[in-house]
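Chains as they are written, first to last, in the numbering used here: chain A, 222 to 550; chain B, 69 to 438; chain C, 31 to 396.
Just to be clear, a hint being listed does not mean it is correct.
To be verified - Between beta-carbon pairs, the in silico distance windows are:
1) A:Gly272 - C:Pro229: 36 to 42 Å
2) B:Ala144 - C:Tyr367: 56 to 62 Å
3) B:Gly131 - C:Pro52: 24 to 30 Å
Since the hints were derived computationally from the structure, they do not count as laboratory data. Note that the structure is a prediction, hence the values are computed from the model and not measured. Glycine is no exception: its CB is placed at the ideal position from the N, C-alpha and C atoms.
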Amino acid sequence: MNDNAITLLEAVNLALARAMADDPDVVLLGEDIGTNGGVFRATAGLQERFGERRVIDTPLAETMIAGLSVGMATQGMRPVAEIQFMGFIFPAFEHLVAHAARMRARTRGRLSCPMVLRAPFGGGIHAPEHHSESTEALLAHIPGLRVVIPSSPARAYGLLLAAIRCDDPVIFLEPKRIYRASKTLIEDNGQALPLDTCFTLREGSDITLISWGAMISETLDAADRLAAEGVSCEVIDVATLNPIDHATLVASVSKTGRCVIIHEAPRHGGMGAEIAATLGEQARAALLAPPYRVTGHDTLMPYYRNEQLYLPDTDDIVTAVKATMEYVE
Amino acid sequence: MKYFKLPDLGEGLPEAEIVEWHVREGDTVEVDQILVAVETAKAIVEVPSPQAGVISHLFGAAGDTIHTGEPLVEFAGNEDADSGTVVGQLSRAESTDSQRESFIIGAAPSSKQAVGQRTTAAVRSLAQRLDVSLDTLHGSGPEGRVTVEDVEHAASLDQSVGAPEALKGVRKQMARTMAQAHAEVVPVTLCEDADIDHWPEGSDITLRLIQAIGAACEAVPELNVWFDGHQLARRHHQKIDLGVAVDTEQGLFVPVLRDIGNRPSADLRAGLDRLRTDVRARSIPPAEMQGATITLSNFGTLAGRYASPVVVPPQVAIVGAGVIRRQPIAVDNDVQVHKVMPLSLTFDHRAATGGEAARFMQALIQSLSA
Amino acid sequence: MHEISYRGEIRLTRYLDESGAPLGDMPDWACGEQPWVHYYQQMVLARQFDTKAISLQRTGQLGTYASLLGAEAIDVVCASRMQTEDVLVPYYRNHAMQMIRGTPIARLLQYWGGDERGSSAPEMQHDLPNAVPIATQCLHACGVATALKLRQQHQAVLTVIGDGGTSKGDFMEALNVAGAWQLPVVFVINNNQWAISVPRSKQCIAPTLAQKALGAGIRGEQVDGNDAIALHDVVGQALERARAGKGPTLIEALSYRLSDHTTADDATRYRSADELKAAWARDPVARLRHWLHQQGHWDEAREQAWQAETKQLIEAAVADYLALPAQPVDDLYDHLYAECPPTLAVQREQARAKQARHEQGGSGHE
């Protein structure tokens with residue numbers, strides 16, 4: 222048990238090591254994860270520690286990686302597969318949607334699919350095209366697929382452990398922009414955080430800010446700025462995008478009456494729409510203003526020169542909060 | 069860094085020949101210290117060290133060809149602070165004082181409270197705008213929730229009639245107690261007069277009332293019980309603890325005079341005075357107002373003849389004494405004017421019978437008439 | 031009782047040995063000055079460009095860049111053997127091919143500099159842009175070839191893929207349909223032995239990648255990818271066959287990745303310095319130079335002159351690239367559809383306002 226100040230990426234590594242030490246059925250597979258320790262070093266040192274049998278460098282084939290994981294999982298193993306970037310997850314879709322999501326249901330529980338698929342996602346690292354995708358809504362829309370997104374080292378550690386121990390498939394999306402952005406003290410105690418639950422990062426009374434992933438960083442910055450101006454923001458990290466813990470969001474909005482939902486992914490059909498619609502249904506009487514969304518544009522994520530125009534920033538969030546606070550029916 | 073690779077020498081040629089090493093494996097070098105001389109097609113170039121460190125390996129010997137990007141020198145110890153990515157740049161944490169994270173799993177406590185609340189943020193906001201106090205509002209919505217209509221109605225009432233005053237303290241307690249009594253008790257009131265014309269001048273009226281109740285309880289102990297309406301059971305008391313209603317500016321207090329059946333008059337009088345003083349001084353402890361087995365309400369100092377005073381559970385009877393007055397009464401066949409004390413007795417018919425009540429009243433009258 | 035239903039073979043073509051000396055009697059067509067001097071010059075130019083691009087990345091003027099060091103012969107010969115009307119469907123390491131087919135160097139830099147206009151040069155004609163999702167370009171190449179065939183055009187499509195990419199389904203599906211439909215496509219595998227950190231030996235157990243063609247029923251062969259003369263022969267013939275309607279070819283060019291996977295990768299983590307040094311001994315540029323020197327078609331003086339000329343060319347292109355104006359944010363909206371839907375008007379305004387705010391430096395964003 223050691224207490225380190227570690228980054229989100231190192232927390233992923235710590236959780237993987239922990240899960241592998243605790244359960245011999247946990248096996249990692251992916252491209253460049255063994256010798257190279259992963260292109261972001263998420264699996265650094267694991268092949269040395271656990272051997273080539275459990276940390277496998279696969280041939281270059283995402284469909285194969287996903288399909289293999291399904292097969293392994295049906296036989297009781299707990300594969301944790303890495304897709305190198307979310308932009309390359311599309312070949313894996315068939316196995317996630319057509320198989321992983323429904324293995325338990327269509328065998329009425331005789332077989333299940335306890336696999337985890339990890340992928341770095343999101344923009345903001347000045348990368349070439351296809352490496353900045355934020356398409357979590359496509360996956361969260363699928364019944365049977367859990368989508369989990371950490372936003373801090375502690376939540377990365379706790380949620381990844383939970384994902385690996387979960388008996389159903391989990392897509393674990395790691396916001397690469399904040400992989401190394403901050404360090405916090407983590408105790409390697411093997412304690413998982415609950416899935417299907419939001420986390421309240423800051424308690425406030427005037428407005429609820431709802432977000433996930435790397436945008437939590439800007440959201441907290443916005444909350445700080447607004448606090449200095451006398452606006453008390455409650456900040457909630459949704460964390461699991463399917464199923465969503467609407468109860469926590471409804472409770473918060475019942476208290477504050479206003480909310481802004483922030484996500485990097487495009488506006489149209491983004492998960493902000495799901496949350497806004499549900500708040501409209503379940504917290505209608507409490508709302509003093511319509512739920513407002515701050516999102517990426519309904520265009521492609523541009524090449525890196527224009528990346529910062531696309532990504533929502535702290536200014537965008539502050540502006541939206543002020544507009545919401547001033548809204549009068 | 070662990071490996072120092074041959075940098076681009078700026079001449080567009082990717083290769084160079086090692087002419088001479090200026091360091092050996094095991095040497096400690098400083099930044100900019102010359103490591104090696106290499107020869108390109110154009111010139112001999114001296115290559116400086118990019119960092120301080122210990123050389124653990126030299127790649128190649130004099131005469132070997134080396135290309136841009138190939139490892140030239142290996143430094144001992146520190147693992148590469150590698151870029152840790154295959155595309156792009158990841159910003160690194162600068163702060164070294166890192167702390168434990170703190171966050172709440174699920175909703176904040178203040179949010180959880182908000183869910184069951186009678187009011188929503190929208191209603192609260194409206195109430196604030198209309199200057200309506202939510203504390204006094206009754207919610208007509210589902211589960212007692214305050215609705216917008218409730219707020220608007222209260223606002224218009226406030227405008228025409230004035231803002232409501234929320235009850236506090238003793239008045240609030242009285243409202244609650246009386247409502248509960250009304251809900252549970254089945255009250256019957258019996259009225260009668262006591263002829264007290266023969267009482268000596270300066271008689272202690274209250275004391276005589278207390279003694280009369282003591283005698284009546286002895287005669288009819290069935291009216292000195294506690295009744296449990298749910299269990300349908302009675303508790304009989306050996307002693308008589310008399311609740312004495314005291315009217316003050318703050319409201320109605322009912323302190324308890326203990327064991328009135330066994331105490332001499334002077335003691336009873338002193339006790340009563342003490343209770344009255346303590347009540348008025350608001351120094352009476354709560355214990356002194358609990359446990360009455362029967363109650364006396366003497367409104368005779370004010371106004372009123374008969375009344376139907378309220379029996380407060382678990383008691384089953386209460387005696388009311390009205391204003392003593394001179395009135396014509398029949399003595400044999402003559403009409404005389406005598407001093408008369410009107411008496412009322414309310415009893416809970418769940419626990420006592422009319423006969424018991426009547427006999428109780430009879431004993432009261434007998435004691436007072438003596 | 032058993033009989034052999036099918037027996038296949040994979041031919042390997044080489045003309046020069048590792049040092050650049052002839053492996054046997056050289057055919058006459060290999061001994062003249064051209065196109066070999068031209069090839070050499072283009073390979074040197076390609077390498078100059080590559081070195082410069084890496085340098086630009088190191089100084090923050092270019093984004094992550096995928097080096098072509100070691101692949102110069104493959105790129106130059108394949109592009110040179112293609113006709114203008116043929117269609118190139120590259121992966122992400124074929125900058126020299128694009129250059130030779132007419133794309134201005136500044137445009138190449140523009141792409142790696144994070145600007146979509148890099149893929150819009152009219153000189154690219156019908157060529158597809160760089161393909162990042164691995165092996166997807168092979169199916170696109172088949173699509174292009176299908177269009178050509180349906181229109182009865184006698185052109186060929188050439189597509190390139192790495193050794194890692196041959197493990198993907200897209201590649202296998204492409205070979206299959208190319209064979210089933212006899213498409214005019216030439217698949218070139220740049221087998222540079224590495225897929226980021228995964229060596230060729232872990233990618234596939236087959237002794238050659240070329241024999242995946244046999245599974246699809248198409249012609250497959252190997253060539254020394256660092257031997258410009260061999261490439262000229264093999265690629266040229268494959269393109270001619272395709273244009274003549276004689277079907278697709280899979281060519282496995284054996285080569286070596288002398289660089290890191292990208293400028294953000296560090297190959298010292300996973301491969302030995304000895305292996306890299308040994309690979310340099312088979313450098314395609316050095317080998318062709320050696321042959322040309324031997325034949326008397328090249329010398330030091332011409333080398334110096336050419337170095338100077340290429341240096342100027344590249345410097346000029348870099349200057350062009352650095353001087354390119356920023357892309358207006360409207361481009362995000364104007365090129366998403368043929369016509370931008372009016373429903374996006376609000377977002378466009380927000381994007382414009384944000385660009386203005388950033389230009390005033392008011393965002394606190396770096």
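At the C-beta level, are Gly131 (chain B) and Pro52 (chain C) separated by a distance inside 24 to 30 Å?
Distance hint for Gly131 (chain B), Pro52 (chain C) holds at roughly 27 Å.
Does the hinted range 36 to 42 Å hold for Gly272 (chain A) and Pro229 (chain C) at CB?
violated, 18 Å
Mind checking the hinted window 56 to 62 Å against the Cβ distance between Ala144 (chain B) and Tyr367 (chain C)?
holds, 58 Å
Checked against the numbered hints above, the structure violates only hint 1.
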